[in-house]
Structure formats: C-alpha cells, structure tokens
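**Q** The whole structure should be built from the sequences, with the hints applied where relevant.
Take the sequence shown: its letter number 274 is residue 273 in numbering that gives the first Met the number 0, and every next letter is one higher.
Some hints here could point you the wrong way.
As the list claims (entries may be wrong) - Derived CB-CB ranges, DEER-like: (1) Glu-126 with Ser-289: 48 to 58 Å; (2) Ala-269 with Asp-325: 25 to 35 Å; (3) Ser-289 with Ala-264: 19 to 29 Å; (4) Arg-48 with Gly-260: 47 to 57 Å; (5) Arg-242 with Gly-194: 30 to 40 Å; (6) Glu-267 with Gln-16: 19 to 29 Å; (7) Asn-306 with Leu-72: 14 to 24 Å; (8) Arg-320 with Ala-225: 51 to 61 Å; (9) Trp-201 with Asn-309: 54 to 64 Å; (10) Ala-107 with Asp-282: 53 to 63 Å; (11) Ser-182 with Glu-311: 39 to 49 Å.
Think of the hints as simulated: they come from the structure by calculation, not from any bench.
Bear in mind the structure is a predicted one, so any value in this text is a computation, not a measurement.
All C-beta atoms, glycine included, are put in the ideal place defined by N, C-alpha and C.
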Amino acid sequence: MSENLREQLLLLPAYFQGHLLLTLTAITMGVLISVPLGVWAEQSARVKRPLLAVVSIVQTFPSLAILALVVALLGGRIGFLPAFIALTLYSMLPIVRNTVTGLESVSASVVEAARGIGMSPYQILREVKLPLAMPVIVAGIRTAMVWTVGLATLSTLVGATSFGNYIFTGIQTRNLVAVTVGSLASAALAVGLDGLVAAIQWLLEKRNEAVDSARLRSIWRSVSAAIAVIICLVLYGLLPQPRADYIVAGKPFTEQYIMVGLLAAELEEAGFKVEQRLGLGSDVVFEAVSNGTVDLYVEYTGTIWSNYMNQEGNPGREAIRSGVIDYLER
0 MSENLREQLL LLPAYFQGHL LLTLTAITMG VLISVPLGVW AEQSARVKRP LLAVVSIVQT
60 FPSLAILALV VALLGGRIGF LPAFIALTLY SMLPIVRNTV TGLESVSASV VEAARGIGMS
120 PYQILREVKL PLAMPVIVAG IRTAMVWTVG LATLSTLVGA TSFGNYIFTG IQTRNLVAVT
180 VGSLASAALA VGLDGLVAAI QWLLEKRNEA VDSARLRSIW RSVSAAIAVI ICLVLYGLLP
240 QPRADYIVAG KPFTEQYIMV GLLAAELEEA GFKVEQRLGL GSDVVFEAVS NGTVDLYVEY
300 TGTIWSNYMN QEGNPGREAI RSGVIDYLER
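**A** Written as structure tokens, this is what we have:
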C-alpha cells in the first residue's frame, strides 16, 4: 500500500461519519416534511398543483446556487446547517411526488369498502391508504437517498465534512488517489443505503404474501441490524464534540491547502486544538471570518482591495496595505 493511499484511508472514518450524518439527517427531515405535504396535496386539489410546482422549481435550481443562497440567508454561517437545509430541500421532490402518486393509486373500491364499514377519513388514511401506498412512498425515499448521497459531496464547499473533502482536495492538488477514494466511497455508500431501502421496500411489498417465513425473518434481522448500526453512528455524530481552539479555513486551490496546513501545524505545535475547513469559496470564507464561524484564513490584499472594498487602480503596495488594514479594523 502506497503512503498516499494510507494517508487517504486514515481520513476515511471522519469523512464517512460526516457524509452519513449529513445524508441521513437531511433524508429524515425530508421524509418528515414531505410525506405530510404529500398527504395534504392528495386530499386537496387546490394544494396539489402549487405544491408540486414549488418542489419541482427547487429541484431545477443548481445545487451550488442553493448552497450559496442558504449560506447567505444564514448570515454567512457555514458548516453542517446550510448543507443540511439545502439537502433537505433537494430531497423533497421525489418523496412528495411518490406520496401523492401512491395515495392516488389506491383503488376507489377499497376506499369505498372501508368507508362502508364505518371508518373515519383519518382511519381510512392510516389503516388503508398509507399501508397500500407505502411501497411507492419508499421508492421515492429510495430515489431521494441516492440523490442526497451524491449531492452531499458538494457540502464541502460550505465547510461541511463529507467525501467531497477527498474529491475537491484531490482535484486541486492533482491527487488522483484522493479523488478515487472519495468517489468510490460515495458510490459505495449510495449503493449500500439504496440496498437497505430496497430491502425495506421488498419487505413492505411481501408482508401480506405467502413468502417463506424463515427468509422473511432472516431479512428482517439483517435490515434491523443495519438500521441499528446506522442509528448508533448518527447518534454518535450528533453528540456534542469538543470545540477546537481555532478553526482555520482556506480556499480551494493548491497554495491555500499548504498555508492552512502550515497554520494548523504551528498552532498544534503550540498546544492548541485546531479544526481545518478546506475548499471554501472566497465570499463564503470571508463572511465566515466576519461572523466568527472561522477564526483565521490567509487572504490577499489585492482580493480585499478589489472585491470587498470595490477599489480600482493601483496606488501602490503600501497604500493598498494601509487601506486594507483600515477596512478590516472597522
């Protein structure tokens, strides 16, 4: 095993935990929001069309634009929260649509029979329509799961830990091993979660059919064990973690990765606990420092002079430096 590959694999547990936590919390929130909305839309024609239009419009926005918009709406805050909100929004379309489709596919004669034996509308929904529509709803969750795993790699750009850390760092530093590890890990997670949801979908479809009970019990045990492991990992990720003394951030190009590493090494040598946020955009990291989400990063006087101070011309090095210092101290 090469030294490069060994270094990348050492990062795998942290990146896996971050990616899994982000994906599953976003999907869970998406389900909690989307299924009730889908039920509401199926019962009200007035709600159905505008709701499906809104979630479809959200899906048409570029994912990076959604991430940038959420960061801006949160006042420049970076990290888990903006990525979580953006991924939740992106997960809603297939779940809402499949909830509506599944409920509408329930036979009218079945609903009429339930009504004929005295069931209330709520009982019909809970006891008849939702159980029959569940395989279709789970199929929507399955689609959303795969989408979310893939899109979560972009969360690196707003400071959330994911397999995107491998990919973007590897691209900028021409590290093919890092890109490969990140891509394969993301694909493996997508396949694994898709297989788990597919097993749940199969169990829901076969629950009333004559299927070998031993096989059903075996699959249920496997699915339950996998879910238990995932829940433990997610709960561990949600536990309060000791905050770093300093959060050092950097932009997504080669020399910034080097400077972040140098700053982190100096601080760690001095006895401080340091957290690194790599691959952030210029505006994102500048806002993060302004609101205290990030403690320090290396910026260029020319960038501040032209991009943030909106100055033109070149009055000389010392004049620019003095102007930038005055601007930052305000």
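**Q** All hints, please: hold or fail.
**A** Results for each hint:
1. A hinted range of 48 to 58 Å holds for the C-beta pair Glu-126 and Ser-289, which are about 54 Å apart.
2. For Ala-269 and Asp-325, the hinted distance range of 25 to 35 Å is satisfied, since their beta carbons lie about 29 Å from each other.
3. Look at Ser-289 against Ala-264: about 25 Å separates their beta carbons, and that is inside 19 to 29 Å.
4. About 53 Å separates the C-beta atoms of Arg-48 and Gly-260, a value consistent with the hinted range of 47 to 57 Å.
5. Distance hint check: the CB atoms of Arg-242 and Gly-194 are about 36 Å apart, consistent with the given range 30 to 40 Å.
6. A C-beta distance of roughly 21 Å is found between Glu-267 and Gln-16, which places it inside the suggested range of 19 to 29 Å.
7. About 21 Å separates the C-beta atoms of Asn-306 and Leu-72, a value consistent with the hinted range of 14 to 24 Å.
8. In this structure the hint that Arg-320 and Ala-225 lie 51 to 61 Å apart at CB holds, the actual value being about 57 Å.
9. Roughly 59 Å separates the CB atoms of Trp-201 and Asn-309, a value that falls within the hinted 54 to 64 Å.
10. The hinted range of 53 to 63 Å is satisfied by Ala-107 and Asp-282, whose Cβ atoms lie roughly 54 Å apart.
11. For the pair Ser-182 and Glu-311, the supplied restraint of 39 to 49 Å holds, since their beta-carbon distance comes to about 42 Å.
When held up to the earlier numbered hints, the structure conflicts with none and fits them all.
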